[in-house]
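Trainee: Chains as they are written, first to last, in our numbering: chain Y, 1 to 624; chain G, 1 to 337; chain A, 1 to 315.
You can trust all of the hints, since none of them are fake.
Here are the simulated EDC-like cross-link-like pairs (lysine to aspartate or glutamate), alpha carbons at most 20 angstroms apart as the crow flies:
| no. | chain 1 | residue 1 | chain 2 | residue 2 |
| --- | --- | --- | --- | --- |
| 1 | Y | LYS174 | Y | GLU161 |
| 2 | A | LYS131 | Y | ASP264 |
| 3 | A | LYS131 | Y | ASP260 |
| 4 | G | LYS30 | G | GLU10 |
| 5 | G | LYS30 | G | GLU15 |
| 6 | G | LYS30 | G | GLU46 |
Derived from the structure by calculation, the hints contain no laboratory data.
Listed below, chain by chain, are the residues.
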Amino acid sequence: MRRVLRRPVGVLALAWLVLMTVATLAAPLITTHGPLDQDLGHVLAGPTSDHLLGTDNLGRDLLSRVLYGGRSTLLAVGEALLVFLLIGVTLGLASGFLGGWVDWLTVRTADLLFALPGIIIVLVVLSVFPGNLHAAMITFGVLGSPGLIRILRSQTLSIREELYVAAAKVAGLKHHQILRRHILPRMTSMVIVQAALFAAIVVTIQAGLGFLGLGAQPPHPSWGGLVADASQVLDRAPWMLIPSGVPLVLTVMALALLGDAVRDAAVEGWAVTKTAAVPTAAHAVAVDAPATTEEELPSEEAGLLSIRNLSVEIGGIPVVQDVSFQIAAGEALGVVGESGCGKSVTALGILGLVPGGGRITHGQVLFDGVDLVRSPTALAKVRGAGIAYVSQEPMVALDPTFMVGHQLAEAVRRHQRCDRRAARRHVTELLDLVNFPDSAAVVRRYPHQLSGGMAQRVAIALALAGRPKLLIADEPTTALDVTVQAEILTLLRTLQAETGMAVLIVTHDWGVVADLCHRAVVMYAGQVVEQADVEETFTRPLHPYTAGLLAANPHLAREGEPLPTIPGTVPTPRDWPIGCRFAARCALSDDACTTQPVPLAEPLRGRLTRCVHSQRLLVEGTPA
Amino acid sequence: MTSPSVLDVEDLTVEFRQSRRTPPLRAVNKVSLNIAPGETVGLVGESGSGKSTIGRAVLGLNPVHSGRIHFEGRDITRASARTRRGLSARLQVVFQDPYSSLNPARTIGQTLAEPLLAHSRTDERPIGQRVAAMLERVGMPADTADRYPGQFSGGQRQRIAIARALMPEPRLVICDEPVSALDLSIQAQVMNLLADLQRDLDLSYLFIAHDLPVVSHLSHRIVVLYRGQVMETGPAGALYTFPVHPYTRALLAAVPQPDPRAQRAQRARAGQRTASSPSAAASPRGCAFAHRCPHAIDLCHSERPPLLPLTGGRAAACHRSTELHPLPAVPQSQPHT
Amino acid sequence: MATFRLVVRRLLSSTPFLFLVSALTFVLVSLVPGDPARTIVGQHATVEQYEAVRGRLGLDEPLPVQYGDWLVRVFHGDLGASLFSGEPVTSVLNNRLPVSLSLIIAGTIVSGILGVSLGLLSARRGGLLVKVVDGLALLGLAVPAFWFALVLIAIGSVQLRWFPVTGYVPFADDPAEWGRSLVLPVLSLSLGAVAIIAKQTRDSVLDTLGRDFVRVMQANGFSQLSILYRHVLRNAALPLVTVLGVVLVNLLAAAVFVETVFAMPGLGSLTQQATVQHDIPVIQGAVLYVTVLVVIVNLLVDLLYSRLDPRVRAS
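Bound conformation, chain Y alone (with noise of 0.2 angstroms):
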C-alpha cells in the first residue's frame, strides 16, 4: 500500500475515488438542490453559481443528480463486487491449490462462463425480473467471476511449483500454513488490481443498463440515466454531455488507474528478487570516470578484428571498460570470466547489439581496417557475411513458427542472393557440414521438434550460411547436456580447422578454453585482466584472478582435501572501486592495488596482465 501511495498517479485516483465516495453519501450536505426538485424556470441551464453543473430540461440541478445518482452505482459496484470476490477468490484458490476434480470441474465451468457476453445474460435476467438491478448485479458478478478464477488458478499453479513450496512441504508445513506464508500474500495485490478493473466494468455497465432505461426508472436520478436525457436534448444543450458523461468517465479511469498502480507496486515488490544484481540508473556513480586513458597497446599487426578501448554502458552504468584484444584470421580466441563480467556484453557490442538498451560509448571495432562503431552501413554488410554469431541457449535461437529449411534458405539467399532451387543445395550443404545425417528431414520440422543439440547445430548452420571471417559464439555449449556439448565442440573444431573461419568463443569453461582456443582473453568486472596464448595461461597465469580460476576447478581437485577457492564475489558494477577490481579477493594485495587504476602491463612479449605484482609473479609463479 505504501508503494502504491508513492506514486502520483495512483494518489491521485484514490483521491477521485475516495472523493466520489464521500461525496455521493454526503449529498445532502454538498447541495441545497434535491435530485427531483424542478425549476421550470431555469431549463436546459449552463453552470451557473447556483446551479455548479447547470440545469436538465425539467430544470433539476444537475449536480445533485449527478451526486444522488451514484448511489445507485456504489451500490451496484458493491454487490457486483461482492458476488465477484466471493467465487472468484474461492474458487480461484481452491481450484490451483487442490487440483484433481475441484480444478477440472472449476475450469469447466469457468471456461464456459468466460465465452459469454455478459451483458446479454444480465438483459436476459432482467426480461425475467424488471428493473431488478440486484439481481442483475449479482449476475454480473457471477459472469465476471471466471476472470478472477483463472487469473488466481494460474498464480496459485505457478506459485505451488516454486521451489520454496516445496522446501515448505520438506520442512513439515501443514496445507494451511503454506496457504498463509508463502501463497496467499502474493495473491492479495492480484485480487486488488482485478477487483479495481472489475469495479471499472461494473460501473460502465451499471450507466449502460440506466442509459438503456433498465436502472432505476425516471425521476429516479442515476449516471447512465442522466446521459440518457442528455441524448434527448443532445441538439439543443449539449452542455448536457458533460455532467453527465465525465464523473462516470473519470470513475472508471481512476479505478483502473488504481489497479496499475496496485500491480506495478506489487512487480516493483518482487522484482528485487532477480534484478538486485542489475543496478539502476539512479544509483550511477562515477567509476573511476576517465576511462579514456588510451592505454598504448603493444603494436601488433592488425588482425582481422580490432578491438580498441571499447567501453559499454547499460542504464547510464559503464558495464564494460577499455577493453582492446585481437583476433587474427582463422585463431580462435576465448572469452573467459565469471557472469557479470562483462565478456558477452564485448561480444554482442562487436555486431552493436548491446543488450538492455545499452550503449558503446567509447572505443573501436575494427573488422577488416573498418570501424563497424562509426559505420552503422558497414556494420550491417559485416553481420553473417564478415562476424556471424551463435547464441547460448539454442532451443529459443530460432523462429519457432517457421521450420528450419525455411530459415536456413532465407538466410541463404540474403547472403549468396540465389533462386529458390539453389538455396534449397546450399541448405542441404550447410546441414551436411554440420553433420547432420538425414538433412530432408530435418528442413521439415519445427524448432520445437528438435533436441537441444541439434538446434544448436542448426544455429550454427544458420550462421555458417554466409561464410563468415569469423564466428562469435557466446556459451555455445552451456545449455547442453555433457556428451552432447562434447559434439558441438568437436564440430567447432574440425569446421574451423576446415574454413580457416576465425572463432571467438565465449565462455566460463577453462575446459571449452583448453580444447578449442589458441588464446586467451580473462575478463573481470568489465575489464581484460589478462592475455596469453592458451599453454601459456594454463601453465604459467600471470593474474591472482586467473590462477584462482584455474585452481577452483574440481576437475584438478585432489581427493578429500578442500577446493582452492577466491573469498568473496564479483563486485556489481556500481561497486567498482578506483584501484585493481579484484583486490578485495586477492592474497597478494596491498596498498598499491587500491589507490589507482592498474593499467594492463606486458611482463613479457605477448603477454598482458593487470597486475601491479606481475613482476613478482613472473618470478615467483602465482599462490595457488
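Put chains G and A on the given structure of chain Y with help from the hints.
Mentor: Quick look at chains G and A alone, frame taken from chain Y:
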C-alpha cells in the same frame, strides 16, 4: 552393508502420466541405492536420467510407482502427511535454483525459522539465537536475518538455503544440483562448505549433479544413471579414474579437460571412438544405452543387462563389462567410511 | 486434415456450451414472476381462456419436458413467435442479423487495422506514441460506447452535419448511404477494441523483439524488414489472436448500446427492446443467435491460432 543405512532405496520406480493416449513415462526404473551415516552418495546423469526425480521421491514430492524407500529403518515409501511432518527434522533438501528456493517476500530470519515450525522444540535456545548461529556457521554476516533474499547474490542465497536445511539438525540432506547454477569461484566455496558441514555435523548427503568431476570430488560413492536406470556404481575415486561402463566412459570422455595437453590427449583417444547422437529409439527390452554404445552387440538390444557386482564394491549393468574393461585384480581404492 | 479434425473437435466441445446457455436461459425464463399466458390473454380473460393459452404454450408441462419440446422445435428452426408482433422469432432475428453483422465486421476490420498499426508504430518509434497508446488504452476502457456515440453525434451530426444522426440504410437500397450511416456507429463501437488491440500489439511486439531468436537473426544479417514483418509480427500475433476472441465478444456486447443509440434495427437493439417489453421468445432466440456467434468466433480464433503456431498444430 556393515552399518545400518540412513537411506535405503530398493527397486524404486517412478512413472509420470502424460496424456490419456500415450503410456506413462518411466522416469526412474528399478533403482536401488543406500547411504550410510556420514556418507555422501553422488547421483550423476544427464537431463532425463531421473536423478532429480529420485531425490524428489525420497522427499515425498513425487509419487512412487513401485519399490521401497527406507529412512533410518522406517518404510517411508508412501508415508502419510503426518509421518512426513515428523520426518522433516531428519530429512532436508537444498535445491539447484537459489532464486526460486527462497520466498522473496519473507526475511531470511523468517525463512530459516520455518523448518522449526512443524516440531516441538528440543533446543532450549530462542529461535533468533539459533538462526544467528546457523548463519554464522555458513559464513553469512550477522545482519542477514533481517534482510530479504533480493539483497543477496546467488552464492549467498545458496549458503542461506543450506542454513535453512540444517536448522532442524537433519541426518540426511538431499542436495539437488546445489552448485550447478553458481560461478566457478563460488561453486568451490559452496562445495567446501558442504564438505566442512558434513565433517562437523556427521551428515549424510545424496548429492545430485550432472557434472561428474563435481560429484566425484564430494562423494564417497557414485551412482551413474542413464534414462532412469543405474548403469554403474562404485567408490568415487575408482569409478572416476577407471570407469567400466561404456556410458560412464563416454560421460567422462565428454568433459573437456581444463589443460590443453591433457585435452589434446583425450581428443586423440576419442578420435577412434564414434560419438553418435541418439538416432534410433532405445529398445524397451534391451540396454537403455545400447543405441548409442559403440560396443553394442545383438544381446544388448534384446536383453537388459542386470547390475552385476565387480571387485572393489563396484557394479556395472553391462553385458560386456568384464570382457571390455577387465578390472585390475586389486581394487584401486577403498570407499571412505 | 488436421484442420478438419480441429474443427470437428471444437464444434463437438462447444455443444455443451450451447446446451448450458440455452438451459440457463430456459430456467431463468421459467422464473418469470409475470405469467406469459396471463400477459397474452389479459387481466379480464376467463379461466378457460387462460388454461387454453397455457396449454397451447405448453406451460402446464414440467420444466424438463418444456425444455425438451423447446429444443426439438429449435432443431426444426422454430423459435416461437414474438409475444408482441406475433411474427416468428426466426424471421425477426434473420431480418436483423445483417445489420449487426455489418456493424461488427466493419468494427473488427477498422479496429484491427487501426489497433495493429498504432501498436506497431508505438513499439518501433517509442517516445510520445507509447504515451498515446497508453492513454488510448485507458480511454478505451473508461469511455462507455454509448456516451462516446453521443459525443460523436453531437460533433459529427449535430454540429458538422456530416453524418445522419441515426438510422440505418440497407446496403441494397443505397451503398453510399449505407456506408455513411455506418461511419459513426463503427467508430463508437471500435474505440474500446482499438485500445485493447493497440496495447496488446505494442506489448507483444516489444516482448518478441527482446527474444533471443531476434538477436540471432540481427547478428546474422537477416534483413530488418523481414525480421520485423515476417518473424516478429508472426510471433507477436499469437497473443494478439487470443485477445481478438475477447475483443469480438466485447464488440457483440457493445453493439447492444451502439445500435440503440443510432436506432439501428440490429440484434442488439432488438434484445434491448425485447427486454423492456419482456418479450421472452425473442430474448431466447437472440441469446441463441449470440451464443452461436460466440462459438463461431472462438472456432475462427482457434483455427487462426493453429495456423500461426506449429506447436499447437502438432498436438
